[in-house]
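Kindly produce the complete structure, drawing on both the sequences and the hints.
Quick note, the sequences are listed as chains B and R, same order.
Here the first sequence is numbered in the numbering used here, starting from 1 and rising by one per residue.
Here the second sequence is numbered in the numbering used here, starting from 1001 and rising by one per residue.
FYI, nobody ran anything at the bench for these hints, they're computed from the structure.
Everything numeric in this text was worked out from a predicted model, so none of it was measured.
Beta carbons: idealized from backbone N, C-alpha and C, even for Gly.
Be a bit skeptical, because a hint or two may be false.
Partial list, derived from the structure: chain B residues whose beta carbon lies under 10 Å from chain R [as the list claims (entries may be wrong)]: (1) Ala15; (2) Asn16; (3) Pro62; (4) Trp66.
Below, each chain spelled out in residue letters.
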Amino acid sequence: MKDCSWTREMIPWYANGTLSPEETRDVTAHMAECQSCREELALTLRLKVGVEEELRTLPRLPERAWKRVEAEVKGRPIAQVDVGSFLLGFSLGAKLRRGTMPVRGDLKVLGRNVSLFNTERGGRSERQQ
Amino acid sequence: MRAGKGEVVLSDRQLIARVAAEDEDAFRTLYERFSDRVFRYSFTLLRNQHLAEEVAQETMIAVWKSASRFAARSKVSTWIFGIARNKAFDLVRKEKRGERLPDGPLVAPDPAPGLLKQQVVAGAMAELPEPQREVVFLTFYEGLSYGEISAILGIPEGTVKSRMFHAKRKLAEALT
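Laid out in structure tokens, this is it:
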């Protein structure tokens, strides 16, 4: 059977349920025989509840935090050129996104955009493991 | 995994895979799942709400940018908390000249007598050295194993256990 020193080291993770099945079995077996380690477990559980309650009182991350993150996700426009008129025109734009600079070009016909090219769409193949 | 009405709930790993493929909706879901946890972890480290908010933002941006480099052998939460920790200490180094740290307890003491025990725990937590405080947070609030904490902090498992031992002793003294 494991000794008190080993068991007491393990008690916080016994209390949060993350020990391996073998470790859990050994701690449980020791607890069955050791009054002082059972008291240590009771103390740890009281501390755990106290810490959880204290941390729940912290405010949540404000909604505004998303705005800055979203800007990075969408990409930051760095250049935009529009030529022509409502009837017929051309638009060229570039932005910074994830360390790259995708560029897109659109033909504008009667106010509607027709995509001519977009380097962003072609640059997504390197991912995932 | 499935939620109600046929809605599929993606695992953290599935979300990261989609984020790596630049799926913005998946990233928003991942943000909802982790940003607040990262904020609380950062606050536990820094005891400063504004800096913790900044760390949470920087961390989630780093997750977006580097999702394709996620090593599948670790848990997503372990990876994200590791990033947050590095961001927090980077920020501390930058802020030291400005002396913005710390700004004291975030929650003002409540005079209600029923909250006395909670105040005692809050006070005792705030008094813990930062290395012990974060082990307590990751164990009791995040529910991580000592192995995962060891990976996040980059220290031996024995050191994690030792920090917890000392932290528990101080918290217990405050409670008794």
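Status of the hint placing tryptophan 66/B at chain R (closest C-beta pair under 10 Å): holds (7 Å)
Quick one, is the asparagine 16/B hint okay against chain R at 10 Å, beta carbons? holds (5 Å)
Does the closest beta carbon of chain R sit nearer than 10 Å to the beta carbon of alanine 15/B? Because about 8 Å separates alanine 15/B from the closest Cβ in chain R, which is inside the 10 Å limit, the hint holds.
Against chain R, run the beta carbon of proline 62/B and see if the smallest gap drops under 10 Å. At about 7 Å, which falls below the 10 Å cut-off, the nearest Cβ of chain R leaves the hint on proline 62/B intact, so it holds.
When held up to the earlier numbered hints, the structure conflicts with none and fits them all.
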